[in-house]
Each structure stands twice: as C-alpha cells, then as structure tokens.
Amino acid sequence: MATQIEPATQTDEDAFRAEVQQFLADNFPAELKGQSNALAGVDGPTNETPAQTKWREAVGARGWGTPTWPKEYGGGGLTKAQAKIIDQEFAKAGAYNPIGGMGVMMFGPTLLEYGNEAQKKEHIPPITRGEIRWCQGYSEPNAGSDLANLQTFAEDKGDHYLVNGQKTWTSGGQWADKCFAIVRTDKSDKHKGISFMLIDMDKPGVEVRPITMISGTSPFCETFFTDVKVPKENLVGEEGQGWTIGKRLLQHERTNISGGGSLARLMGQSLGDIAKKYQPTGADGELADAVLRDKIADFEIRWNSFLLTARRAMEESKAAGGVSEISSVLKKLGTKLSQERSELLIEIRGLQGLGWEGDGFSDGELEAVRAWLFGKATTIYGGSTEIQNNIIAKRVLGMLDHQ
Amino acid sequence: MAVLNEEQEMLRDMAREWTVNESPVTEFRKVRASGEPEAFNRDAYATMAQMGWAGVIIPEEHGGSDFGFLSAGLVVEELGKTLTASPLVMNTVAASAIVLGGSDEQKARWLPRLASGEAIATLAVDEGPSHDPAKIETSVSDGKLSGTKAFVHEAHGADLFVVAAKDGLYLVEKGDGVALTTRKLTDQRSHADVTFDGAAAEKLANGGDSLLDDVLDRARVLTAAEMLGMAQQVFDDTLDYLKQRVQFNQVLASLQALQHRMADLFADLAQMRSAVEAGLQAVDAGFGVARAATIAKTEANRVMHTMANEGIQLHGGIGMTDEYDVGFYLKRARVLEQSFGSSSWLKDRFSKLSGY
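Chain order of the listed sequences is A and B. Going by the numbering used here, the first sequence opens with residue 1, and the numbers climb by one from there. Going by the numbering used here, the second sequence opens with residue 1, and the numbers climb by one from there.
Hints listed in this document are in silico derivations from the structure and should not be mistaken for laboratory results. Be aware that a few hints might be false.
DEER-style ranges, computed between Cβ atoms [unchecked claim]:
1. B:Asn5 <-> A:Asp12: 21 to 29 Å
2. B:Lys30 <-> A:Lys336: 17 to 25 Å
3. A:Glu13 <-> B:Lys352: 37 to 45 Å
4. B:Ala205 <-> A:Glu367: 16 to 24 Å
5. B:Lys243 <-> A:Asp87: 39 to 47 Å
6. A:Glu367 <-> B:Thr186: 46 to 54 Å
7. A:Lys336 <-> B:Glu9: 27 to 35 Å
8. A:Gly285 <-> B:Pro59: 38 to 46 Å
9. B:Lys135 <-> A:Gly285: 49 to 57 Å
10. A:Ala83 <-> B:Asp13: 43 to 51 Å
By construction, the Cβ of each residue, glycine as well, lies at the ideal position given by its N, Cα and C atoms.
Working from the sequences, and respecting the hints, build out all of it.
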C-alpha cells in the first residue's frame, strides 16, 4: 500500500511529534509529573502553584489544551491526528492537560457553534488559556428532569435584562467566574420562551451557597439571582432559541459523563486484583469465595463490553460523520455500571470499604466511599436514566410520545 | 455495527437479501415439518456454498475467499435473523480446525470440498450435556478412535467429524465405527450422540497445545454471531408489534412502562453487538482471542436470554402460540446458550484468564 502521500504524511506526523516532545522538554515542570489537572473538573478551588501556572500558560499560549479549536480564537487549529499525538506525548511524559473544566467540555463547543463573532472573540480565548472558569445555570428547584419548566426570569429592560430566580446544582458555582444559563424570556411558551445567556458571577445580586451532600462536601451550589443586570450582548443566539442551544450543550455533557476514555482510566484496575488483596485465595491464586468471584467476572465482562460499545460509537460516528445512534445508550450504561462497581468494591472490602474518616483507612479506601456516594448523582444529573430512556424510546426507537 | 470494508458490506447485503427473500422463517417451518433428522434444506445449503459462504474463512489456495471471521459472522448473523437451518456455522468451525491444525495434505484433501459444499464437517467435543472440554475420555490407539460425544450439532449431515480426544483433535469420516443416536432438542435442529467405536482417525498434528481452545473460541464467536442476529430480530419484531397493537385505545408503544423496557433491551443489544463483533475481530487479528471470545459468548448468552424472555412477555398471549415466530427464537436461544460454554462456565474461564 505504498502510495506517494503516505511517507510525506508520516514525516509530517513525526515532525509534529518531535515538536511536541521538544515543547514538553522546554516547558513541563518535572515536579508536576503524574499530577492531574486541578482545574479540569469542578472539584476544587483555584490555588495554583507557580509551576502549575507556568505549565498552564505554556500550553494555553499554544492553544494545545484545545487542540482542534480554531486558531483565530486561541485554539490549536490542529487536526484530530495531531491532537492525538499531543495526547500520546503528554501521557508518555506524565503531563496533564492544564486546560479544562466546563468551558472546554461543554460551553466552548456550543459557543463556537451558536455564538456571534464578538462573543467568540471575547469568551473563547480565555477558555483556551484556562483563565476563566465557567459554571452551568440549568437546573432549578422545580426544573430538574423537567428542565423546560424553569422559572428564572430575564425581563427586557432595553439595553439589558434584569434576571431574578434560583438555580441549583450549579457545579463549581463557588469558584466560577461566569455562568452560562438558560432563563425564561417569555412566560407564554414553555420551550420557545427560553433563552441562553451569559452571566458574570461577580455581579451584584448573585449569591452562591454550597450544598452539603450525602458524600459530604461537594462542588454543587445553589445560586440566587436578585435583580442581576445582564447586558443584551450576553444573549447567545436569538431570544427563544435557548432550549435548542441548551440541549446541544447537554449532548456535550452526556458524552463527557459517560465518556469511555476518562472512565476507562478511572476504572482501570481490575476488581479481581483488588479482591485478591482483601479476600482469601486458593492454591492457584483464585478467589476462594466462588460466588464473589462469579459476581466480579460478571461485572468485568459487562464493563468490557461497555468500553467496546463506547469505542464502537466513536468509530461509527467518525465513519458516518455524525453521531451514532448507540451514543444515546452510553450515559445510561456507563453511569449504571460505575455505580455497580462501587457497590461491588464495598462487598469486596467489607466494612473496611465503608470508612468515613480516620487513620484506619487508606486514602484509596476513603476516596472510594465518597465516590460511591457521590456516584449516585450520575444517574440523576445530565438527564436522569429515566429521561435517557424517554429519549431512546422516542428519538431512536420511534415509539410514540406518552402523556 | 462495526465499520466494514466494501467486500464485507457486499457480503452482508447479499446475505440479507437472500435470507429475507429465499430463507424466511417459513423455510425453517418447512424443515421442521419434514421431520428429517438432519434438519436442513440441502438445496438451500448448496446455494449458500455457491455464493461462497462455506469458504469465508478458508484460504484462497484451498478454494475459499479468506475474508475472515468478521465476514463469516456477518453472514451467520443474517442467517440467525431468519433462523435459517444449515450446517454453515459448524462447517466453518470444523474447517478452521483443519486450517489451524491440518497438514498440507489434510488441507488439500478437505478444505476445497468444505468450501464448495460438496462435503460437510462438524465439531465433536463434549461428552456430557454441559460444555466441559476438560472432561474428555475419548482416546485413540493405532489410529483407531473410541468414545462417545454428546449432543453433536449438525451430526446428521456431516461427512467429516473433527473429534476431540485426550491427546488432541482428530479427523474421522462418517462410516464404519461411527454411529448416531438422534437427540431431538427444543430447537428442532440436528443433534446426536455420536459413538465412535474404533473408527479410523487422523490426527490434526499442527496448531500446538492450544488447538482445541482456539477452535472452541471460533465456535463461541460464530455461535454468538448467530445469537446476535436472533436477538436483533426478536427486538425488531417486538418493537413492530408494540407499534401496532392497540389496547386501552392506544398503541402499546405509547406506554412509558414498555418504552423503558425497550430502551433497556436496546442498550443490552448494543453491548451484545460490541462484544460479538470484537470477538470476531480478535480472531481475525489473532490477538487476545480467548478473552474476547469469552466476553462475546457471555454477553451473547446474557442478552439473548433476556431478549427471548422479554420478546414473549411483550408479545403477550400471542407470543405463546406456535403461529408466531418469537417462540422459535426462545427455543433455539437456550440450545445455543448451553453450547460451547454456559455463562457460569464462561465466567469461571474469564476469572482464570484474568488471574483471579
């Protein structure tokens, strides 16, 4: 299959790989090796060490934290193949991507699709440099699964909106600089009365209260808006287009929650290997408890086929140039399986797997307990499993709308 | 659906067109009604062989197309959808034993005939009702093989048996020293206990110590592919039925309780397809076959089991009638579920492969 183009492409890739390696050698502080990105998720305040700042700025300046985003807005302007090379080389060097969070995962891709030129110029570059943290103003006390029932109202005041209402489950709200929110601009139409707008969290009238969860502290907050002035230029798309834009953003969120890739890393260690440290084994190193052994194998097999399904969805999407219909099942399957894994981990560890605090428990054991509890949220947020089932039945299987 | 190349797409489309037009479930009903123990239509099998389906995994030099197991799986999946009764799966598995373990002479003698449909082969491993390749008593001395194999699939139509003995796999032709006792199972297909009494046997001397496991893994992925087609068909039929059946003045498809069950089955089916296709692909890649085949068959067992039960339940009373097809899928499903590894056997194997 030697064609003339292949060697050239190969050379290009090799050259780019060398460039990434050189960049890492020049810029990645050795002390950060093996760390993960504190900014990537929603789970911590922004206290960077000087080394972390240096690394974030270096990657941000190149746009390599958002490698496939357009260069004109601070992205890398690179191909998927090149992005993969960055991934591979960073992983090899033990370097994390310092550019992350909701701005990268959800808001950025949506704004690139729906935002106007001025909005993209203003908001995308700070995301690519990891300077601005975004939070999501979606759910309300009476608008959870029935999200379109939201009541937070943005009243038209000529050059600005006056926003009043309450959002809840605002992940990372206490640390966020800005909020992308869906709010009501028209009370007469449930779906077409919704608009998508951007709210500065430091504006007068914005109040954030963290929520204590069953797992203890959490990134979730309640956010109150009282007479908050939002300039008209912060409306994304048209008035009334918020439901469409908001749903598009949720697709990005679901991909990230189920995300074969990151979950695979998270759930990398075989439960069988863990069990062998906690449970008696027989002559051939097999788990002596045959029932537990069967349960673990049963889980691991289904987990494997989930990973294969995530990979297949990706390959199909790539081949078809659109979203594969099985993408709709990934969130539902991935969240259920990770909950199941947490439960099985407790059975493997017994009461040692239910520690709340204290020296008698390892960090890994304590983290697993909090993850088990927090994990209950995954089948509720981002569209609950029941909502996913409605979507699959209606959109994919063509079953009729129920009332 | 795995991303296919052009040849594979053509093969699948051809198989789909043929099964839908020439081999719908009514053809299986005819086979059943005939009561013949070999339980397949010889003319139909000849046509399948003419289309090249019996030689998909056989090298070109021996009359096959050498397209590989993913391609074979595509055909088998389509056959599974319409419950086409044929020895194609077992013939393919037996042929793979010769491809992997045969001498040049054995390959030259058998593979072209197995590819053309002129001869049919099957695999005989288990000696009891549950799959257990560790329990084999069949032995060979001076080229004479003796032992009894239980519930051999497609035994009645077979000209050649690939038989597992204590020290490896052997080729035994039907004839002297080979006796069949028909064992009619719920799927109404060909099964027999086969007694070998000093039958002339030729060893498959190549392929190494793992030959039996390698051949059984091929049986597992192809059986799983047949189950995948069956599960897909039960799902599609059930969904169609829910969309047309009216109760309480509304179609059943509008009821949320049923919508959510179908969403669950849809997700299960996605998992099954991923696992089965990965198993077939692993055989073609020659990498991680044992593990991938174990996952493929376990997932096929799990999902097919549920799918058949839910298919009946969601059809309601009419699903219990012989007039409707869904019951046929249930009866075939359980036979395949117990063949080449029940779920408990497979999970034990998976644990061993994973070191716990």
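Verification of the supplied hints:
| no. | hint | verdict |
| --- | --- | --- |
| 1 | B:Asn5 <-> A:Asp12: 21 to 29 Å | holds (26 Å) |
| 2 | B:Lys30 <-> A:Lys336: 17 to 25 Å | violated (43 Å) |
| 3 | A:Glu13 <-> B:Lys352: 37 to 45 Å | holds (40 Å) |
| 4 | B:Ala205 <-> A:Glu367: 16 to 24 Å | violated (55 Å) |
| 5 | B:Lys243 <-> A:Asp87: 39 to 47 Å | holds (44 Å) |
| 6 | A:Glu367 <-> B:Thr186: 46 to 54 Å | holds (50 Å) |
| 7 | A:Lys336 <-> B:Glu9: 27 to 35 Å | holds (33 Å) |
| 8 | A:Gly285 <-> B:Pro59: 38 to 46 Å | holds (40 Å) |
| 9 | B:Lys135 <-> A:Gly285: 49 to 57 Å | violated (23 Å) |
| 10 | A:Ala83 <-> B:Asp13: 43 to 51 Å | violated (35 Å) |
Going down the numbered hints, you'll see the structure goes against 2, 4, 9 and 10, while the others check out.
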